[in-house]
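> Position one of the sequence shown corresponds to residue -8 (my numbering), numbered consecutively onward.
Note that these hints are calculated values from the structure, not bench results. Treat the hints with care, as some may be off.
Stated by the list, open to error - DMTMM-like mimics (lysine to aspartate or glutamate), calculated; alpha carbons at most 25 Å apart, straight line:
#1 Lys861 with Asp893
#2 Lys492 with Glu907
#3 Lys280 with Glu222
#4 Lys129 with Asp369
#5 Lys189 with Glu153
#6 Lys181 with Asp103
#7 Lys42 with Glu402
#8 Lys394 with Asp120
#9 Lys308 with Asp275
#10 Lys138 with Asp128
#11 Lys861 with Asp312
Quick caveat: nothing in here was measured; it's all calculated off a predicted structure.
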Amino acid sequence: MSNIPKRDPQSLFTDNQWQAIHEDGHNLLLSASAGSGKTSVLVQRIIAKIKKGVSIKRLLVVTFTERAAGEMKERLEKELRNLVNQTSDTGKQRFYIQQIQSLPEADISTIDAFCRQVILRFYYLIDLDPVYRLLTDKTEISLQRQKVWQQLKEEWLAVGDEDYLIVHNNFSNGQSDKAVDDLVYSLYDKARVHANPKQWLEELLHLYDGNETFGDSQLFQDYIQPMVLSEIERLKNRLFQLKQQLPTAEADPFKKLSDDIDSIIERFNQIKQLLQVSYQQAFDLAHSKLPIKTSVSKKGLTDEEKDIYKEYADRFKAIKDDFNKKIVPKYLAFNDATQTQFHHEAYQIAKATIQVLIRFLSKMEEQKRKDAVMDFSDIEGYTYQILTSPSKNQAGETVSEAKIYYQSLFEEILIDEYQDVNALQEAILTTISRGNNMFMVGDVKQSIYRFRFAEPQLFIQKFEDYADGENGNRIILAENFRSRNNVLQFTNYIFRQIMDKTVGQITYDDTAALVNGFKDFKGETNQFNTEVLMYESTSEDDDNRYSEKGEKDSSSSNFTGDEGEITLMAQKIKRMIQHKFKIYDKTLKQMRPITYRDIVILASSRTRYLDIEKVFETYHIPLHLDKSTNYFQRIEMLVMLNVLRLVDNPDQDIPLASVLRSPILNLSEPELANIRLANQNGSYYQAFLAYLEQADLEDNLAKKLKQFDYWLENWRNMARDHAISELIWQIYLDTGFLTYVSGMPNGEQRQRNLHGLYQRAVNFENSGFKGLFQFIQFVEAILSQDNDLETPQVIDEDMNNVSVMTVHASKGLEFPVVFYLNFTQKFNTEDVKQPYIASDAIGLGVEINNLSKQVSYQDPLFQLAKIEEKQQLLAEEMRKLYVALTRAEQKLILVGKVKDWDKAVTVWGNMVSEDELIPSTNRLNAQSLADWIMPAILRHKNSQNVNHVLDIPILPSKELTNLLKIEVVNEESLSKRHNTSTVESEVDNDINLQMLDIDIDNLPDVNWKYAYRQAIKTTSYQSVSELKRLMQDPDEEELTPFQIQKQNSMRYTSDTFEGPQFIQKAIKVATPQAIGTATHLLMQRVPLDTMPTTDSLRNLFTQLAKKGVVNQKLETAIDFDNLAAFFATDMGQLLLREHHDLYREESFSLMLPANEIFDETGLEDRLLVHGTIDGFILKSDHIILYDFKTDRLNYLNPGQQEKTLRERYETQISLYAKALEAIWGRPVTKKVLISLDTVKNFYI
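Based on the sequences and whatever the hints tell you, model everything.
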């Protein structure tokens, strides 16, 4: 701590942030709560290192995404430029400038990007081919593993492989071996995120002891016995509490009940003692009759006393049932011999499974090496092998060359989002560290990437180990600078009641609680209290968890539960917009009305996106959906897929009927029936052909079918020798379907979807796959695996839309108002329903399928692994809840649905106790987030107005005095609101025709002619790029206007249309236009404060490519040497000298008389000309204008080069000069066309 500089009292950083920025000398773990400014701290720590003279090249900064890495570099560049401007020390200035120049190649990237660098540098250490193709498409990865696995299965079945047959016989169901496939793929993925996959697989068997009995096994002694003892002790405590609460009256029934309680306590003590001696004896006692009275006389008791007795007797029975129906079946169901047999049978199955997996791992590696492909897990795995690969140094010592290189290279390793690293990534990072130079930043409460095998336990372990400051130090950032206190208090209130080590893996105590750090919010505090909107549904398709068993409601339903819940939310959003709900704008530093873009809807998955679109369209609420994965389920995509299926094989009834009924043919149902009548026995395609043969060709239906038959024949011919993408585009052209969908609701998105299908086909064929049949199989494989693709997105940050995204997608973002949708939805527990469970802590548990006895049963290890898996799953769900709540800046609204509100309140109310923490048993048995949130909420005083059925003790809260508003809306109320809101919405969005002042009697004569007809045929806008040919003859200022029959207008355009951008990229990346665009971008972005070089220009290009600004494939087409050589010319040197007065990529708009462009108009109207100038130097009394050109000219002599450029671009640069003179009021003294192909400057 002594090396930390003193904090300036005026500093905006807190004490803990300051410590995190400056403390070093040992490993540091920064536990940064949501909104605590961890990214700023990380950036400032890097800057602090640079100030101490540490080069940016000596730091490894690992981010979770490429986007985060890019943003980190941008923030660092800004900070470094500030340092350059603030210091007068020329040496420091030079050093800081060097750091700015080094940023593009600095090791600030994802772990995968770093691993790729390691492979490229040290591939030879493990005999690895450095040339490979990176697999990123999930479906392609899946198809490859399926191919390898299928080959192995066929080989093993042919030879009767013993291990495979054991696995197959146990997990297949006789009709399908999908469960075997799922088991193999699941364990394959899990194994590869560990440093040594084979070793990890073998260690899954560590609790399967040899020939020991179950009672003597490590599994029972170290794992099951402590759990049973704990469970019995918990029941004992409940019995003690019950006895203490019994009435003191000596009435006989209560005395006997007290005696029975004592007898059960004694029985529990005996079982506990026996468990520590002999499992079999404990089993025998647990299955013996309980020593209690079977019946008790209640004579002499009053009715009130009878009711009291029944209450206590029921509580006593519940405790006995917990023992007999939960503990005994789970832990003491079978005797020692039977459990031992189960355990040995499970071992044989688990051992065979591991052997099968090890061989599959080996075969997959072999195949991938043969195909020269890798996925991200492969890259990380090979990196770890390289770092731990032994080699001989010059002294003959066995060392790891790569490990030593990186340990000496990096002064510090900084890891962002540390809570989300997996075991393999941790192994890589610790291997290259020196043991005391790791800076780890994260928040374990936000670890929500379990499906990517993130290991939050790594963070938790360090958090505990570093508590005493010996092995490292931990720093806690608790202050939240994002949210209003209302949001923070609500989050703390909920999580203090639900999160501890049992459920959540950590205790939510004062060190974990959020602290308000932003004090400048304005506005009435109460209006920002959290709200709960609950829809009470009577729809029969809804979840019955909170309804009476067997209860049915025959009443009609206007809404399904999903629609009702979403409608309730849509109405709330509409009211907030219409009533101009005020929020605080941190940028403006004042209150303002809410807009749609201030609102986000969070959901646990994307399955509800189509429902949200449907309902919100009714209310005219604009939406932006985040990467919807129901791409192939949209109507336009289903139609196109069915067209492709017909092209592949027209003899398919459902696809044919679908296409004929679709907008492509738009046949009616009677017309479809008439087709079938032409041939009632064959396929529908045969009926289609029969109708064409029989029908009158003048018949309207026959005309449609003949046209479609003509198309289909052409498409089938085209499919034989053309690319799939070309076929798809031809279908669009023939049918006009691409244009048609643009007129449908959400037409722009539908067009993007169809463009996306074209691009998918291009990517498919570029990956080495060919043929329409394979493409259709590829799509059907996606659908069968429930692995639908993401809908193509175009993000416009200026659009005023409500955002819809998953909790995972929202991580790292913040929104003024957050709606959390469907928090009553049941958890997805499919992982714990599988017949196998692999746990790092427990091992591989398998369910035994005894074919000879036609019975399945569970080994104790499987049951233990299932408990562990359930706890991990619930901990993840709890962390996802934390992430969702902490996305809200100012207001949080929870939206859910129940079948019966009063029944739900009863269920939730019975889950709480007198303690602040809800009992762990109830939290572990939770089926949805509502089973955690609502019991906590119902304990608050504000919930009493909606609780009419149960007396729930109020939980005092020092933090949360006014918690929230709970609104329960039933179907009838919602229907009334819906009708009103729909009318209001239509009024808002339609034109009120009564406001138009039109005198119908005085309309002009039908033969009246408009006096300015030429004006309506002349464009009011003209781009310079369309005028480039205007002065091919310098004295001739006109072109023949582009004419087509359906349009009579005047505007200079090309006589051929440029293809859509996605087609150009698909056909050829390195087109002259693409090269020119990329070159211009490069010359716009190149820093001019130092002399550009070939290397610096190439590095800049790489940086732009990583940001997605340019295509990386263009790198080989750009002549970086020529670009660098330009800066040695007189014009290049001028730009470097005058860079302070230089303007680059400046857009302009200029009004010109229309008759200067179109002299046949005879009009004096003015025409708006728009263009973008490459650059100009603005001096006090003149302007120097230049324009870069990438035209290929080097085959011409200098005179021909100048003539060619003049002919092509004199119009353009003349208009640029005219615009600059009009805007700046200064003459353009020089106009320079710069040929980057020949590195020559031509003065016009």
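> All the hints need checking, so say for each whether the structure fits it.
Evaluated hints:
no. : hint               : verdict
1   : Lys861 with Asp893 : 29 Å, violated
2   : Lys492 with Glu907 : 15 Å, holds
3   : Lys280 with Glu222 : 20 Å, holds
4   : Lys129 with Asp369 : 14 Å, holds
5   : Lys189 with Glu153 : 20 Å, holds
6   : Lys181 with Asp103 : 17 Å, holds
7   : Lys42 with Glu402  : 14 Å, holds
8   : Lys394 with Asp120 : 20 Å, holds
9   : Lys308 with Asp275 : 21 Å, holds
10  : Lys138 with Asp128 : 16 Å, holds
11  : Lys861 with Asp312 : 22 Å, holds
Of the numbered hints given earlier, the model fails hint 1 alone.
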